[in-house]
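Take the given structure of chain V and dock chain L to it, following the hints.
These protein sequence lines are chains V and L, in that order.
First residue of the first sequence? That's 1 in the numbering used here, and the numbers climb one at a time after it.
First residue of the second sequence? That's 370 in the numbering used here, and the numbers climb one at a time after it.
Since the hints were made in silico from the structure, they are not lab data.
Be aware that one or more of the hints could be misleading.
Only part of the chain L face toward chain V is listed, based on derived beta-carbon distances under 7 Å [to be verified]:
1) P444
2) V445
3) F451
4) S452
5) V456
6) G459
7) M463
8) S466
9) G467
10) F590
11) N628
12) V629
13) Y632
14) L636
15) L639
16) V640
Idealized CB from N, CA, C, for every residue including glycine.
For reference, the chains in residue letters:
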Amino acid sequence: MRFLFKTDYNQDIRIAKHSGYYWSYGLLLLIVVAAPYFLEGYYIGQMTQLFIIAMAGVGLMLLAGYTGLVSLGHAAFFGIGAYTEAVLTSNGVPLPFMEEPVIFPFVISMPLAAIFAALAGVVIGIPVLRLTGIYLAIATFAFALIIEEILSRWESVTNGYTGLLVESLYIGDTELTDGAPFYFLCLGLLVLVILMSINLLRSPTGRAMMAIRDSEVSAQSMGVNLARVKTTAFALSAGITGLAGALFAHKLGFLSPESFTVFQSLELLVLVVVGGIGSLHGAIFGAMFVLALPQGLAILKDYLPTAIAETPGMEPFIFGFILVLVIIFEPYGIYGRWLKIKHYFQMFPVYKKATFKRQKAYMKSERLK
Amino acid sequence: MSIGCIYALVALGFVLIYKATEVVNFAQGELMMLGAFLAYTFISILGWNYWAGAAAAIFCMFFVGNFVDRIFLRPVLGQPQFSIVMVTIGFGYMARSGAGMIPGWGTETYAISTPFSSEGMSLVPESVGSLVISQTDLSVIIATIILCAVLYAFFTHTRLGIAMQASSQNQLAAYYMGIPVKAVFSMIWGISAAVAAAAGILLAPTTLIDTSMGFIGLKAFPAAVLGGFGSIPGAVVGGVIIGIIETLAGFYLPPGFKNVAAYVVLLVVLVVRPQGLFGQKTGKRV
Numbered sequence: 001m002r003f004l005f006k007t008d009y010n011q012d013i014r015i016a017k018h019s020g021y022y023w024s025y026g027l028l029l030l031i032v033v034a035a036p037y038f039l040e041g042y043y044i045g046q047m048t049q050l051f052i053i054a055m056a057g058v059g060l061m062l063l064a065g066y067t068g069l070v071s072l073g074h075a076a077f078f079g080i081g082a083y084t085e086a087v088l089t090s091n092g093v094p095l096p097f098m099e100e101p102v103i104f105p106f107v108i109s110m111p112l113a114a115i116f117a118a119l120a121g122v123v124i125g126i127p128v129l130r131l132t133g134i135y136l137a138i139a140t141f142a143f144a145l146i147i148e149e150i151l152s153r154w155e156s157v158t159n160g161y162t163g164l165l166v167e168s169l170y171i172g173d174t175e176l177t178d179g180a181p182f183y184f185l186c187l188g189l190l191v192l193v194i195l196m197s198i199n200l201l202r203s204p205t206g207r208a209m210m211a212i213r214d215s216e217v218s219a220q221s222m223g224v225n226l227a228r229v230k231t232t233a234f235a236l237s238a239g240i241t242g243l244a245g246a247l248f249a250h251k252l253g254f255l256s257p258e259s260f261t262v263f264q265s266l267e268l269l270v271l272v273v274v275g276g277i278g279s280l281h282g283a284i285f286g287a288m289f290v291l292a293l294p295q296g297l298a299i300l301k302d303y304l305p306t307a308i309a310e311t312p313g314m315e316p317f318i319f320g321f322i323l324v325l326v327i328i329f330e331p332y333g334i335y336g337r338w339l340k341i342k343h344y345f346q347m348f349p350v351y352k353k354a355t356f357k358r359q360k361a362y363m364k365s366e367r368l369k
Numbered sequence: 370m371s372i373g374c375i376y377a378l379v380a381l382g383f384v385l386i387y388k389a390t391e392v393v394n395f396a397q398g399e400l401m402m403l404g405a406f407l408a409y410t411f412i413s414i415l416g417w418n419y420w421a422g423a424a425a426a427i428f429c430m431f432f433v434g435n436f437v438d439r440i441f442l443r444p445v446l447g448q449p450q451f452s453i454v455m456v457t458i459g460f461g462y463m464a465r466s467g468a469g470m471i472p473g474w475g476t477e478t479y480a481i482s483t484p485f486s487s488e489g490m491s492l493v494p495e496s497v498g499s500l501v502i503s504q505t506d507l508s509v510i511i512a513t514i515i516l517c518a519v520l521y522a523f524f525t526h527t528r529l530g531i532a533m534q535a536s537s538q539n540q541l542a543a544y545y546m547g548i549p550v551k552a553v554f555s556m557i558w559g560i561s562a563a564v565a566a567a568a569g570i571l572l573a574p575t576t577l578i579d580t581s582m583g584f585i586g587l588k589a590f591p592a593a594v595l596g597g598f599g600s601i602p603g604a605v606v607g608g609v610i611i612g613i614i615e616t617l618a619g620f621y622l623p624p625g626f627k628n629v630a631a632y633v634v635l636l637v638v639l640v641v642r643p644q645g646l647f648g649q650k651t652g653k654r655v
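Same shape as in the complex, but just chain V:
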């Protein structure tokens, strides 16, 4: 058991709480960096997918977990990022003052994809800022449905349901969007995004975001500019998700509007909730869950009687079931459970269940007459 004493005011906002952090996260980083050298191609692909989904999860976590704004339409930003990337790198874009359509190198196109998604986030963010809670969720939901329709109808750009091929990227002769190079690209960007988020969350803006989550009214009375912080959160979240979308476009190699439906939005939200809302760890754990569930079920099917295993709809059923169970029994998700287990061993003989007890309260009405 390690005791932490407060000896410095800056201690509260230090990235690593104590030296153990360097060891554990350093080891983790070492393992994931070394992974492509001893894993097979299939697992590298899966890990890459994990990084991409985790990045989208981090994006949504900033919004839902830290600012308390629930978005039911994050697949829209994911889609905008993916399509922007695909269009910029594949077909080329006719620009003024240029003879030929310009095909962007990925160092420019990926940030552009993120910026486009962020702009979309601002566009949806500004009008809905006055809304809270459920109205906001419904507004983002409507927005996502409209974007989905645009993706499928704007055929000159997106090719509609026929789909859009995404070109691979090359540096010299090495293909960047496949195998180990792509793995490192995704890993690097994910680490970058996480470090940026951690840094954001200890900055005044990040703390303002958390203040808004805990109580909008008190945040406002403490001098937080609600509109500005909320728009920032929306833009950042959309931008990160858009960046993940851009990577996803290359991972998939082929885009169609079906990849960016309301179900993907819900899946992202489930990721955030099951992983553990309000922690960046949760986004990673959640991504693992979302990826591992279908695979786990596929393995499980071999052991079940055929009558059960062959029924369609098994997977969404389990998906919904786990979601309900997690919310009822473990509101802080996988990360919450992890904390409890860790705490149990740290406190070994004297662990008390009440440490993590939640307070129950009668719901206070948000209506005032």
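Chain L in isolation, oriented as in the chain V frame:
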């Protein structure tokens, strides 16, 4: 108009639950789907009379709604609204895929034979003009009006209805007054599920029954928001308006607009008048 009435009925279910418990039920469309499937079981598989089957389905759905509240929602009572919404989403997933797994229901599309023909009948004499409406559509409209009247009478004239109003205004005060708030919530869920079942049965002749018919519930959001979440007449008017707008958009605008027209309306309403047409201006208590 008749599709608008369906939206209105589903929106009515949302509003009932939201008004009383401040939970937005994302599984309302799935409740409607379950109701329709129950009716299909009674009428087509067991071969009951249409009216008996429909009544039995509505009755069963009342208990299903009750059960959903007991099992899924009571444990999370008092948690942040967001977790409760996620529970309803989770239940929606389970209901949609669960219905596909039940033998006899499956993932195919079914029809219920109804006593209403889909042939047109004229509402006004030929000499006045032509206003033709099919019996199916007429049945939907009439059923909506009857249901609204019954619900209105229930909320204003019965002890239970008044208890529900009380617990929606202030849970704690209602609890002090001796109203069993939790039981009232279960009742509300039951009623809402029954309304959803009625909507599902009425919708069955138009769109047929399958496990994904619950998605129509998503169209009821714009209806509920337009009318002002938490207002029963608002839900009905909102539903009808959304239905009309959608049909008109299908006629006059390029394809694709029909699907999103309702959501565009929703966004505009939220930006311009977030409290909806009939909603009360609300402030937030700290």
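For this session: Compare the structure with the hints numbered earlier in the document and write down the numbers of the violated ones, lowest to highest.
Result: No numbers; nothing is violated.
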